[in-house]
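Enquirer: Protein chains in written order, with numbering that gives the first Met the number 0: chain A, 0 to 430; chain B, 0 to 162.
To be clear, the hints were calculated from the coordinates, so they are not data collected in a lab.
Note that the Cβ used here is the ideal one computed from N, Cα and C, for glycine as well.
Among the hints, a few may not be true.
Under 10 Å between C-beta atoms, here's a sample of chain A residues computed to sit facing chain B [said to hold, decoys possible]:
#: 1; residue: MET0
#: 2; residue: TYR3
#: 3; residue: MET7
#: 4; residue: HIS17
#: 5; residue: GLU291
#: 6; residue: ILE364
Lysine-lysine pairs mimicking BS3-like chemistry, simulated, CA-CA at most 27 Å apart [to be verified]:
#: 7; chain 1: A; residue 1: LYS19; chain 2: B; residue 2: LYS149
#: 8; chain 1: A; residue 1: LYS108; chain 2: B; residue 2: LYS60
#: 9; chain 1: B; residue 1: LYS60; chain 2: A; residue 2: LYS9
#: 10; chain 1: A; residue 1: LYS132; chain 2: A; residue 2: LYS216
#: 11; chain 1: A; residue 1: LYS9; chain 2: B; residue 2: LYS16
#: 12; chain 1: A; residue 1: LYS108; chain 2: B; residue 2: LYS135
#: 13; chain 1: A; residue 1: LYS1; chain 2: B; residue 2: LYS126
#: 14; chain 1: B; residue 1: LYS110; chain 2: B; residue 2: LYS126
#: 15; chain 1: A; residue 1: LYS9; chain 2: B; residue 2: LYS149
#: 16; chain 1: A; residue 1: LYS342; chain 2: B; residue 2: LYS151
#: 17; chain 1: B; residue 1: LYS149; chain 2: A; residue 2: LYS1
#: 18; chain 1: B; residue 1: LYS135; chain 2: B; residue 2: LYS65
#: 19; chain 1: B; residue 1: LYS126; chain 2: A; residue 2: LYS19
#: 20; chain 1: B; residue 1: LYS60; chain 2: B; residue 2: LYS16
#: 21; chain 1: A; residue 1: LYS96; chain 2: A; residue 2: LYS216
#: 22; chain 1: B; residue 1: LYS60; chain 2: A; residue 2: LYS1
#: 23; chain 1: A; residue 1: LYS96; chain 2: A; residue 2: LYS108
#: 24; chain 1: B; residue 1: LYS126; chain 2: B; residue 2: LYS65
#: 25; chain 1: B; residue 1: LYS60; chain 2: B; residue 2: LYS110
#: 26; chain 1: A; residue 1: LYS9; chain 2: A; residue 2: LYS19
#: 27; chain 1: B; residue 1: LYS16; chain 2: B; residue 2: LYS126
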Amino acid sequence: MKAYNEYMNKISVSDALHQKLVSCAINAKPVRRPNMIKRYSIAFACLAAVLLSVFAIPQILQYDATPTPGNNPSVLEPGTVIPTPGSSSRYTLYFNKADFQSTADIAIKGHFWQELTDKELKAVFPVLTETHKITATANFSSDEGKASLFNIEAHAVSVAGLRTYIQLVPGEVTLDYIFDAEVKPSKVLGTEVTAGCFETEPNSKGLRNVIYFAYFKLSGISYYVELGGTEAEKEALKDEISELTGLLIEGGAADLRILNPVVPELRQDRLNLDEAHADADFGAYLPTTLPEGFVFQDALRFIDQERNELNVHWTNDMGYIDWRVSYLGDNDKRRITSVADRKNYDLSLYPVPRADSVPGDLHEIVDNPVFLIDELTLDVVRTRAYELPDSGDQPGARMRFGVLYGNVLVELNAKGATPEAMFDMLQQIKK
Amino acid sequence: MAYKFYRPEDFEVFVTKHENRLYRTALAITGNVSDAEDVVQEVFLRAYEKAVEFESEEHEKAWLIKVTVNLCNSRLRSLWRKRTEPLLDSYPADEPEQHELLEQILTLPPKYRTVLHLFYYEGYSIKDISRLTGRKESTVRSHLTRARQKLKSVLKEDDYESI
Chain A
0 MKAYNEYMNK ISVSDALHQK LVSCAINAKP VRRPNMIKRY SIAFACLAAV
50 LLSVFAIPQI LQYDATPTPG NNPSVLEPGT VIPTPGSSSR YTLYFNKADF
100 QSTADIAIKG HFWQELTDKE LKAVFPVLTE THKITATANF SSDEGKASLF
150 NIEAHAVSVA GLRTYIQLVP GEVTLDYIFD AEVKPSKVLG TEVTAGCFET
200 EPNSKGLRNV IYFAYFKLSG ISYYVELGGT EAEKEALKDE ISELTGLLIE
250 GGAADLRILN PVVPELRQDR LNLDEAHADA DFGAYLPTTL PEGFVFQDAL
300 RFIDQERNEL NVHWTNDMGY IDWRVSYLGD NDKRRITSVA DRKNYDLSLY
350 PVPRADSVPG DLHEIVDNPV FLIDELTLDV VRTRAYELPD SGDQPGARMR
400 FGVLYGNVLV ELNAKGATPE AMFDMLQQIK K
Chain B
0 MAYKFYRPED FEVFVTKHEN RLYRTALAIT GNVSDAEDVV QEVFLRAYEK
50 AVEFESEEHE KAWLIKVTVN LCNSRLRSLW RKRTEPLLDS YPADEPEQHE
100 LLEQILTLPP KYRTVLHLFY YEGYSIKDIS RLTGRKESTV RSHLTRARQK
150 LKSVLKEDDY ESI
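Bound-form chain B, shown alone:
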């Protein structure tokens, strides 16, 4: 599968297909709207400029998520990172249960939020997350375990036991 984006319409289809997934991933990692918006713009810009030849739908999705994770990490490392609005202030939770959980998740360091999001929301296995983030499987597992321990007080048993 190749995306050469000869027509703007083709690129819009591509953007529409992936934008929410990438935006949510970027939000989960950076924890704020402004950074997430910048990252997603940069991801699509790279996809457009590089015109990557994807082998499959899965390859396409994985490439985009990997670039998103890398750009989020670069941004978090940057000394010039802007002070931006916290996620929960931009998207307040509907339910008290959600709010409590999200507040706890947002207190975790980004590396933990990354694996939690990719594991639970995107449904990637630890092996896949290891490939996407460039971390060892044991490190990913350890991050999941530690994140679980920190969230234990607010997660229901069936949730945290499944990690």
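Next up, chain A with everything else stripped away, as it sits in the complex:
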């Protein structure tokens, strides 16, 4: 985290902020910025915007009937929308400038997903499938075996290779980031579309990115489309998102009745230690005796479409043992090593920082190798132990590796336990 610390070290309060901070004392009664006033200021601002739109927009819209030359779609505000010179799109959008960006967590209860088949893609994106290559995933939430569509996320790749993100939702669009924009909607084939663009500040290489987005509703289904790229591609990006928006509207609302979700087995259960040991699939792969001082913290049985595992966590002050049991997956297979190939796992061969000392093609396996239980020896476990000086932590051996028992993989990540103790724990498990 050196880079992070160096970055933070360079940040200081401005003179203006410093003066504000000390003014608490300079003013006998420091003026608190009242949150309620701020809140109601925003509310009043919103109300004013609504009233303005109620009275002003109808007057604006009366000029909206004039189609752009030679094409169907119309533009909202005459004089404010300048069709892009040389634009290849038949549709024109007014892109509101979006200055800000924020993030939010999205949690989908009982989440599962299904990739859309070709037939489903045609029903959901009727016209777009003829002009773009589309891949899409339907995200569902589920509760007691009942599924409901949360959203559909898709990527549409144009002939020119531009890749647009599309989200459609029965109801309101939920995003993990949003743009605030002063809203001047456009009209495309009679549908109101709110479009915007967001420009990043230049990065350390002086490059600036531009993100265009648009959202609209068709028969109660909300659509959000987004396309980003470098500043140099601006015109192509605008054309593409305008065209794609027009094609979506031209195709009409998605026929979501075609989706037939089947709720898979989903589990996310907190277990006590006895319940963890009793787990039919993986309980037998937990150690029965822990190194002295380690106490059980928590256990999680997790199953979704990608993962089927049991996680158990023990701690001893700042020490910890994380023990994960799962079935061997295809991605795990490339980390399996014979103990004869010491270059695949012996950390003493690679000084820290290992990002520099480990050859690129060995990084994954050296980072977290998987041994066969029949080959595992105490010497092998010792090669995985290392210590790091850390001012914010207590000293202790760290180690991370996996052990394969048939088709069951035990992965451990530990600090503060000796190699001898870890080897003993692994030997407790029935082969």
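Starting from the known structure of chain A, fit chain B onto it as the hints suggest.
Expert: What follows is chain B alone, placed relative to chain A:
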């Protein structure tokens, strides 16, 4: 140690001593300048109004950081949170390596950014972070572990292994 701030000069010394640390912490958690500025103002206002009696330098620092973390969390929960300028747009990184790392960190949820900042930048132990944030030690550790996993692709090995 008591801060009654009878004289404005005393309070300015107090502000100067802590303002950067608190501002950086608030920036790390909220991810934007405007929120961080508001939070730090509120922290010092509370310190001034409450005139807290601190037992030691460490107590003073910990109290201020705890209030900062709490106010940041309140702000993040607020429905009225303003849409504000992202941190990296306000303080662009000098080095490509920094930029890449920071972009990754800023994509993490605030709870992960909080523990990363307090652990790596402020040098607090997991036990201390647990006290400062009011979360269980196992939760703090889990947040560190998950943050590490997410950052693994951009962190050098010696960095992420030390978590």
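Enquirer: Each hint needs a verdict: does it hold in this structure or not?
Expert: Evaluation of the provided hints:
Look at MET0 (chain A): its Cβ gets to within about 4 Å of chain B, closer than 10 Å, so that hint holds up. Here the hint on TYR3 (chain A) is kept, as its CB sits about 6 Å from the closest CB of chain B, short of 10 Å. Taken as an interface hint, MET7 (chain A) checks out: its beta carbon lies about 5 Å from the nearest beta carbon of chain B, inside 10 Å. Because the beta carbon of HIS17 (chain A) sits about 6 Å from the nearest beta carbon in chain B, less than 10 Å, this interface hint is met.
A distance limit of 10 Å between C-beta atoms decides the matter here; for GLU291 (chain A) the minimum to chain B is near 19 Å, and the interface restraint is violated. Using the Cβ-Cβ criterion of 10 Å, the hint placing ILE364 (chain A) at the interface with chain B is not satisfied: the shortest such distance is roughly 14 Å. Distance check on the hinted pair: LYS19 (chain A) and LYS149 (chain B) sit about 37 Å apart at the alpha-carbon level, beyond 27 Å; violated. Distance restraint check for LYS108 (chain A) and LYS60 (chain B): the Cα-Cα separation of roughly 40 Å exceeds the 27 Å cut-off, and the hinted pair is therefore not satisfied.
Annotation: proposed proximity of LYS60 (chain B) to LYS9 (chain A) holds, straight-line Cα distance about 20 Å (limit 27 Å). For the proposed pair LYS132 (chain A) and LYS216 (chain A), the alpha carbon gap of about 23 Å is at most 27 Å, so the pair holds. Proximity of LYS9 (chain A) to LYS16 (chain B) is assessed by CA-CA distance (about 16 Å); at most 27 Å being required, the pair is judged to hold. Straight-line distance between C-alpha atoms of LYS108 (chain A) and LYS135 (chain B) comes to about 24 Å, which keeps the hinted pair within the 27 Å bound.
Between LYS1 (chain A) and LYS126 (chain B) the CA atoms are separated by roughly 22 Å; this keeps the pair inside 27 Å, and the hint holds. Taking the CA atoms of LYS110 (chain B) and LYS126 (chain B), the gap is about 16 Å. The hint holds against a cut of 27 Å. Proximity of LYS9 (chain A) to LYS149 (chain B) is assessed by CA-CA distance (about 25 Å); at most 27 Å being required, the pair is judged to hold. Restraint check for LYS342 (chain A) and LYS151 (chain B): the C-alpha separation of about 22 Å stays at or below 27 Å, so the hint holds.
For a cut-off of 27 Å, the pair hint linking LYS149 (chain B) to LYS1 (chain A) stands: about 17 Å separates their Cα positions. Under the criterion of a C-alpha separation no larger than 27 Å, the hint pairing LYS135 (chain B) with LYS65 (chain B) is consistent with the structure, at around 15 Å. In summary, the hint linking LYS126 (chain B) to LYS19 (chain A) is not supported, as the alpha carbons are separated by about 34 Å, beyond the 27 Å threshold. Between LYS60 (chain B) and LYS16 (chain B), the direct Cα distance comes to roughly 10 Å. Compliance with the 27 Å bound is thereby established for this hinted pair.
As the CA atoms of LYS96 (chain A) and LYS216 (chain A) are separated by approximately 21 Å, the hinted pair is consistent with the 27 Å bound. This hinted pair checks out: LYS60 (chain B) and LYS1 (chain A) have alpha carbons roughly 23 Å apart, not beyond 27 Å. At roughly 34 Å between alpha-carbon atoms, LYS96 (chain A) and LYS108 (chain A) are farther apart than 27 Å, so this suggested pair is violated. At most 27 Å may separate the alpha-carbon atoms for a hinted pair to count; LYS126 (chain B) and LYS65 (chain B) meet this at roughly 14 Å.
With a C-alpha separation of about 20 Å, the suggested pair LYS60 (chain B) and LYS110 (chain B) falls inside the 27 Å cut-off, and the hint holds. For the hint linking LYS9 (chain A) to LYS19 (chain A), the alpha-carbon distance of about 21 Å falls within 27 Å, and the restraint holds. Taking the CA atoms of LYS16 (chain B) and LYS126 (chain B), the gap is about 25 Å. The hint holds against a cut of 27 Å.
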